[in-house]
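Asks: Residues per chain, in single letters:
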Amino acid sequence: MARRYDSRTTIFSPEGRLFQVEYAMEAISHAGTAVGILTKDGVVLAAEKKVTSQLLESTGIAEKMYKIDEHVVCAVAGITADANILINYARTAAQQFTYQFQEPTPVEGLIQTLCDLKQGYTQFGGLRPFGVSFLCAGWDKYHGFQLYKSDPSGNYGGWKATSIGAGHQAASSILKSDYKEEITLDEALALATKILSKTMDSTQLGPEKLEFATLTKVDGKLVLRTFSPDEITKLLETIKSTGSDK
Amino acid sequence: MDSLIGITGKDFVIFVADTAQARSILKMKGDEDKIMVVDDSKMFAMAGDTGDRTTFCEYVKRNLKLYEIRSGLTLSTHAAAHWTRRALADALRQGPYETNLLFGGWDSEAGASLYYLDYLGSMHKMPFAIQGYASNFVLSIFDRYYKEDLTIPEGLDLAKLCIAELNKRFLLAQPNWAIKVIKKGDDGKASLEVIVPAKQ
Numbered sequence: 001m002a003r004r005y006d007s008r009t010t011i012f013s014p015e016g017r018l019f020q021v022e023y024a025m026e027a028i029s030h031a032g033t034a035v036g037i038l039t040k041d042g043v044v045l046a047a048e049k050k051v052t053s054q055l056l057e058s059t060g061i062a063e064k065m066y067k068i069d070e071h072v073v074c075a076v077a078g079i080t081a082d083a084n085i086l087i088n089y090a091r092t093a094a095q096q097f098t099y100q101f102q103e104p105t106p107v108e109g110l111i112q113t114l115c116d117l118k119q120g121y122t123q124f125g126g127l128r129p130f131g132v133s134f135l136c137a138g139w140d141k142y143h144g145f146q147l148y149k150s151d152p153s154g155n156y157g158g159w160k161a162t163s164i165g166a167g168h169q170a171a172s173s174i175l176k177s178d179y180k181e182e183i184t185l186d187e188a189l190a191l192a193t194k195i196l197s198k199t200m201d202s203t204q205l206g207p208e209k210l211e212f213a214t215l216t217k218v219d220g221k222l223v224l225r226t227f228s229p230d231e232i233t234k235l236l237e238t239i240k241s242t243g244s245d246k
Numbered sequence: 001m002d003s004l005i006g007i008t009g010k011d012f013v014i015f016v017a018d019t020a021q022a023r024s025i026l027k028m029k030g031d032e033d034k035i036m037v038v039d040d041s042k043m044f045a046m047a048g049d050t051g052d053r054t055t056f057c058e059y060v061k062r063n064l065k066l067y068e069i070r071s072g073l074t075l076s077t078h079a080a081a082h083w084t085r086r087a088l089a090d091a092l093r094q095g096p097y098e099t100n101l102l103f104g105g106w107d108s109e110a111g112a113s114l115y116y117l118d119y120l121g122s123m124h125k126m127p128f129a130i131q132g133y134a135s136n137f138v139l140s141i142f143d144r145y146y147k148e149d150l151t152i153p154e155g156l157d158l159a160k161l162c163i164a165e166l167n168k169r170f171l172l173a174q175p176n177w178a179i180k181v182i183k184k185g186d187d188g189k190a191s192l193e194v195i196v197p198a199k200q
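Order-wise, the sequence lines are chains A and B. Every letter in the first sequence is one number past the one before it in the working numbering, and letter 140, counting from 1, is 140. Every letter in the second sequence is one number past the one before it in the working numbering, and letter 179, counting from 1, is 179.
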């Protein structure tokens with residue numbers, strides 16, 4: 001029944017649905033889970049890598065985490081090639097803002113610009129939507145630390161804690177019970193790790209399967225940190241030893 | 001020739017502008033308001049022929065307003081001044097806007113700020129600034145009497161000194177001057193006050 005309204009992105013179905021957008025979200029539900037948690041001291045992003053192989057050259061090109069500007073980092077779930085286009089667009093948009101205003105782009109404005117682009121692909125041009133969802137963590141002087149989630153439809157929302165990708169339902173239910181507003185950054189890292197360990201297929205956690213990024217302030221200066229494989233190993237050991245992943 | 005003066009002090013910016021609109025030897029208008037208000041926290045003093053002067057400042061004002069409405073944020077003086085400079089610089093090698101400006105405002109980050117811009121797209125943040133021939137007479141007044149953290153009454157006295165000097169020594173000085181001030185209000189937010197209106 002749905003078949004007749006599948007092939008054109010720019011048509012509503014009789015029930016008022018946009019099938020291509022829904023199918024895009026379906027593509028994302030096969031991607032590695034990503035979790036984002038907002039704390040008073042900063043934002044934590046953690047993600048499960050799906051493309052793992054001993055033959056893979058770890059040249060430092062990330063699969064899940066991308067820096068957009070010095071004050072914005074995002075985690076990606078979905079078709080990596082689509083994500084690359086959007087990451088590049090977001091990076092350009094951030095610099096264009098700074099070119100005009102000589103200050104860092106406000107985070108929500110950047111998300112809005114990105115989502116306006118995504119929405120365009122659901123309304124005109126006849127091209128399929130991007131099969132990517134984002135978790136964007138950022139800081140600006142207007143609203144401090146923020147976490148946003150956006151999807152192929154071009155909708156976005158601000159979140160305290162959320163997830164995208166394959167295990168997002170399981171992840172969100174754990175977040176609902178375990179997230180507290182007073183959570184510290186270290187507790188958030190442990191919580192994110194615990195969630196990924198529950199939602200991942202394989203049981204062992206290690207730098208080959210996980211990526212982390214944090215956005216915090218150290219001595220009043222903003223620090224955007226994507227963890228290297230050694231740092232991930234150290235982090236996982238710390239979490240295990242303090243027993244906070246139970 | 002327009003005379004525009006900007007003075008910053010403790011949490012305020014004062015703009016003083018002459019009110020004559022002239023072509024050659026004819027003074028067409030004596031009550032022109034050359035201080036365009038963007039909002040309670042930012043304003044322009046504009047120099048140049050009416051066409052480019054008002055068109056450009058309207059253009060900047062509307063774009064700044066649009067951004068603020070869309071984003072729900074209030075731009076800092078620094079950001080708004082840089083946007084203005086970028087607009088002048090981009091137009092320079094297409095069809096330049098022949099207008100010189102002073103841009104001033106108050107925000108909670110930087111306090112009071114004043115920027116001097118010219119039609120070529122140069123911009124300088126300054127404690128006091130003058131556009132026009134008036135600078136030949138008034139800069140020395142500032143060099144002598146300006147100090148940091150002036151109060152508003154002290155700033156207005158300084159403005160009066162400048163006007164007196166111009167009226168005495170500048171051939172094209174005008175009898176009528178408009179004065180506006182943007183300051184930090186009692187509620188901690190910026191507020192605008194018209195000290196002397198252009199039309200009297």
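Among the hints, erroneous ones may be present.
Said to hold, decoys possible - Below, simulated DSS-like cross-link-like pairs (lysine-lysine); rule was C-alpha separation at most 25 Å, straight line:
id : chain 1 : residue 1 : chain 2 : residue 2
1  : B       : LYS10     : A       : LYS141
2  : A       : LYS198    : A       : LYS240
3  : A       : LYS141    : B       : LYS61
4  : B       : LYS168    : A       : LYS141
5  : B       : LYS184    : A       : LYS141
6  : B       : LYS147    : A       : LYS141
To be verified - Interface residues of chain B toward chain A, partial, derived using beta-carbon atoms under 10 Å:
id : residue
7  : SER71
8  : HIS78
9  : PRO96
10 : GLU109
11 : GLY185
12 : LYS189
13 : SER191
Just so you know, these hints were derived from the structure itself, not from any lab. Just so it is clear, the structure is predicted and the values come from calculations on it, not from any experiment. The beta carbon of each residue, even a glycine, is placed where N, CA and C say it ideally should be.
Asks: It remains to establish, for every hint, whether it holds in the given structure.
Replies: Hints, verified against the model:
no.: 1; hint: LYS10/B to LYS141/A; result: holds, 23 Å
no.: 2; hint: LYS198/A to LYS240/A; result: holds, 15 Å
no.: 3; hint: LYS141/A to LYS61/B; result: holds, 23 Å
no.: 4; hint: LYS168/B to LYS141/A; result: violated, 48 Å
no.: 5; hint: LYS184/B to LYS141/A; result: holds, 19 Å
no.: 6; hint: LYS147/B to LYS141/A; result: violated, 31 Å
no.: 7; hint: SER71; result: holds, 5 Å
no.: 8; hint: HIS78; result: holds, 7 Å
no.: 9; hint: PRO96; result: violated, 18 Å
no.: 10; hint: GLU109; result: holds, 7 Å
no.: 11; hint: GLY185; result: violated, 20 Å
no.: 12; hint: LYS189; result: violated, 15 Å
no.: 13; hint: SER191; result: violated, 21 Å
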